[in-house]
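Please arrange chain B with the ligand on chain A, whose structure you already have, making use of the hints.
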Amino acid sequence: MSSLVKCPHCGLRPREEFTIRGEVATPRPSAGADEATWFDHVYLRDNPRGEHREYWHHSSGCRRWLVLTRNTLTHETSDVVDASTLKTEGAQ
Amino acid sequence: MTSFRIDGGTLIDRHDVRRFTFNGEVLSGFGGDTVASSLLANGKQLVGRSFKYHRPRGILTAGAAEPNALLTIGRDGRRDPNTRATMAELFDGLEARSQNCWPNVNFDIGAANGLLGPLLGAGFYYKTFMWPAAFWEKVYEPLIRKAAGLGRASYDPDPGYYEKCWAHCDLLVIGAGPAGLAAALTAGRAGARVIIADEGAQLGGGLIAEGSSIGSKPADAVLGDLVGELHALPNVEIKKRTTVFAAYDDQVFGAVERVQKHLPEHEINPHRAMERLWRIVARQVVLATGAEERPIVFGGNDRPGVMMAGAMRTYLNAYGVAPGKRVALFANNSQAYQTALDLEARGIEVAAIIDPRTCPNIDYDGKARLIAGAMVRDTSGRRAIKSITVRHDDGSDEVIAVDALGVSGGYSPIVHLACHRGGKPVWSDAHVGFMPPENTDGMTSCGAVAGKTGIAACFADGGTAAVKALAELGVMSEAASLPGVEQAEEKADPIQPIWRVASSKGKAFVDYQNDVAASDIMLAMREGYDHVELAKRYTTNGMATDQGKTSNVNAIGILAENKGVSPGEIGTTTFRPFYTPVSFGALVGASKGMDFQPVRKSPLHGWAARNGAKFVETGPWYRSSWFPKDGETFWRDSVDREVNTVRTKVGICDVSTLGKIEIFGADAAEYLNRVYCNAFLKLPVGKARYGIMLREDGFVYDDGTTSCLGENHYFMTTTTALAAGVLTHLEFCAQVLWPELDVRMASATDQWAQMAIAGPKSRDVLSKIIDDDISNEAFPFLAAREVSMFGGRLKGRLFRISFSGELAYEIAVPAGYGESVADAIMAVGEEFGIAPYGTEALGVMRIEKGHVTHAEINGTVTPADLGMGKMVSVNKDDFIGRVMNLREGLVDPSRPSLVGIMPKSPSDKFATGSHILNPGDDVSLANDQGYVTSMCHSPTLGHAIGLALVKNGPSRVGEEVVIWNGLAGTTVTGILCNPAFVDPENEKLHA
Ligand SMILES: [Zn+2]
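Chains as they are written, first to last, in full-length UniProt numbering: chain A, 1 to 92; chain B, 1 to 991.
A portion of the hints provided could be inaccurate.
[What the hints assert, rightly or not] Mimicking DSS-like on lysine-lysine, the simulated pairs with C-alpha atoms at most 30 Å apart in a straight line are: (1) B:795 with B:687; (2) B:682 with A:87; (3) B:424 with A:6; (4) A:6 with B:164; (5) B:768 with B:649; (6) B:468 with A:6; (7) B:424 with B:468.
Just so you know, the hints here were simulated from the structure itself, not pulled from any lab data.
Same shape as in the complex, but just chain A (with noise of 0.2 Å):
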């Protein structure tokens, strides 16, 4: 597990300064999806060997919402990004 998170409005930052969410789901179906595609999203999460996307909450700094890529048998963590950049950028 990552001690320092590198925050892309913050900087480097110790790991004790977020709070953890976890894994980067589906996206969020459309309200019109069926109840199969949401019980996916509301409740299937993998738990992988290697790389797995976090959702990080800078809960005590700037409070925006990261996507943290770190590797679950390495602990390296390869990229984050604000949150938002998933749907805006459709960074999925």
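Just chain B with the ligand now, with coordinates in the frame of chain A:
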């Protein structure tokens, strides 16, 4: 008592005599001594009893790896159990006690365990667990707990202060032996920000024990020069008594600095930390942790007086302590011969050097008899060693009388910190040891941990390592050199691995601290536990507080030898933090007592306190729970009066702890419409609305009111408990789900003092301080807007909302004005009989009114379960929880739903959490109909009332049920009813 103190000793100051007690006996040592060196100087070879067999044990090492000499030091709140005597500095008045012995260390009843040895072998715990459970609980566990175990923690609070800090540097040098010092000096001269940390009281590491000279200078003078230059460099921070105990991700290292643990009580500064827990962020690291000398596994190798050969040299040269008067050495490598030379130079007789190598290629020119190709197979002596039995290469035995035996089985590089992040150490046949992993990003090993031997070689290697590390940072530097020292020529003098003396007589210990013998490891192998991780757990080898620093490699060697493979194939167990034990005090830091968590006080706290409030902790908040008046002795006297006052006159209550969130933006209305399940798009300016927030899985998350204070400006309140959670959720929705919406929010909880003014006279009271017209027509139920107060001197926010069910308002003013406004309301309200009320009365009135809180919103209820199913919008396209709220299981009409409950006989009482059963059914959860979520005594109705979640609840109003308290084993007859016990038609709200 014979003194073993002789001349010399570079660390001690003979003018500074320090008295201390050991098991009550008054002894003395010198400034600079450790507890171990002063005990040895006083002839105390026996210092403790072993964990399992209660065998007499002495001091084995002179450093951090000590497995035997664990003492309890200090008393009362400053008592530290399991303290390694080899690391504890002696101070005047120190109190030390042996552990694990009864009645005393010299005569210990538990030593009879030694006779039970065959029953306590490998897997003993697992095998014993197989016996009848009752036997274990009643017989074995109490016995084992009494007989085994280490020191006991104190029950008294530690009066010391502890703290946590961060540090940052370009280069962290771990270990201040010759390699570490050279690295720090190299980097320091190049201008890098350097931190050099060493666990010892003095810098120097292996240099401290070096009695001879280095080049033309005495070793201690060379060390003095090096340390002097480091001290003079402003960019070098020296941390003595600091153990780097962990390597974490992203180059963050954990370290504990023992700031004042070495001081007598009267010298402790109470405003200074006893210990500091450091987190050090290092761009590059030089690992110069050295190597641990390995014991040899032979019969009787645990007898007091058996000591590491290198430790003997340290006690001799650094502390001026003779290990004995007639000493033997047992070593498979040539470094131990230096100990023999140093002993002889100080006039101590070296009776023999036993070397298992048949033709050791050494330069030894001393007087001792060299016995090549031989092994020590046994020792004798009751409380300390008297003789050794040597097995010659021709198979004959010889007994040699000695009072100390120095042992050296080779060196294990201290690779822990290089492996904490998952790296595996690499076996080296040449070094007969596990070396640091090859790829350690940002960490360069040097000196003995990298397999170098000799001061000059380690010094040169440290300089090279620093140059390499700094180059990674783009800093050019030049390796510091040690003037006048030529690196000794490497001699072909290989160490001969020796994992176990096969001819051992009696128990040959591998792990001293956990009493694991070679025979235990062989037994584990025979029983199939031959994997290194299994053997460890089956035998408990390496699982004691020393984590196997002196035993793991020997255990691996024994496994390898018996399987006929290389130790590299066996591999090591996993290295994890902590390197050495860290006190709870350091880990807790300042977070204890009142500083455990911050205290949050409402802006009206002072007002409440002046009015006699009793406070209750709600998370970090201190909320006023009731306001006793003279003559009220029981809390409910006050609460009943407060409820009656509100229901008949008027009361004032602090509601500042509710979460308050300001929401702005052109899309704020659309945003609120999506986060609440009910409609918010058309909420007009000047109006408040009750809203229910769902989770995406369709269950209720939180409730509260949101007011529209202006175009694109909303003010949301949340429950006290979920204030932080709701803001986090709202931010997630705004930033992640709908970043295209123009909406921004900020917590304003601490900015506003908010109070509820409730009761039939509330309008009369507020009219006295509010300038605007607040008549029912001008300011109807759910009105919400800014108002002018006190003749225009203050602006506040007024909301006509009610939790109590009475005509009621909430008024919010900037936090700093809170107390004066509350005082003013009390003053103008006096003629109407106003009284403050607390959260208890608030809780009673909301139950009387049938309003829910998180006792009902418990994560398993839907709006429909709470009787608010009609609020869930069917017209909105989308909102959080919309789809999942319609799942089959969540729309089942038989789900437990909100209903009121009261006892059939008004004098009966019942408890929250009681279960509801149908009359006549067996008293069993199999017949469960639901449970009571909230209950109170209703002063308005004069009997107990409650809210409950009951299957088909609303359709069963009027039904008789059984209220079962399974904990108390009681039942009461109850009647299900409308949850709104007071004013079900809401006439009071609209008055
Ligand atoms: Zn940030």
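Hints and how they fare:
Simply put, residue 795 of chain B and residue 687 of chain B have alpha-carbon atoms about 18 Å apart, close enough for the 30 Å limit, and the pair holds. Among the hinted pairs, residue 682 of chain B with residue 87 of chain A is consistent with the structure: their alpha-carbon atoms are about 27 Å apart, no more than 30 Å. Only pairs whose Cα atoms come within 30 Å are accepted, and residue 424 of chain B paired with residue 6 of chain A is accepted, the gap being roughly 28 Å. For the proposed pair residue 6 of chain A and residue 164 of chain B, the alpha carbon gap of about 22 Å is at most 30 Å, so the pair holds.
Restraint check: the Cα-Cα separation between residue 768 of chain B and residue 649 of chain B comes to about 16 Å, which is no more than 30 Å; the hinted pair holds. Distance restraint check for residue 468 of chain B and residue 6 of chain A: the Cα-Cα separation of roughly 26 Å lies within the 30 Å cut-off, and the hinted pair is therefore satisfied. Restraint check for residue 424 of chain B and residue 468 of chain B: satisfied, since their Cα atoms lie roughly 22 Å apart, inside the 30 Å limit.
The structure agrees with every numbered hint stated previously.
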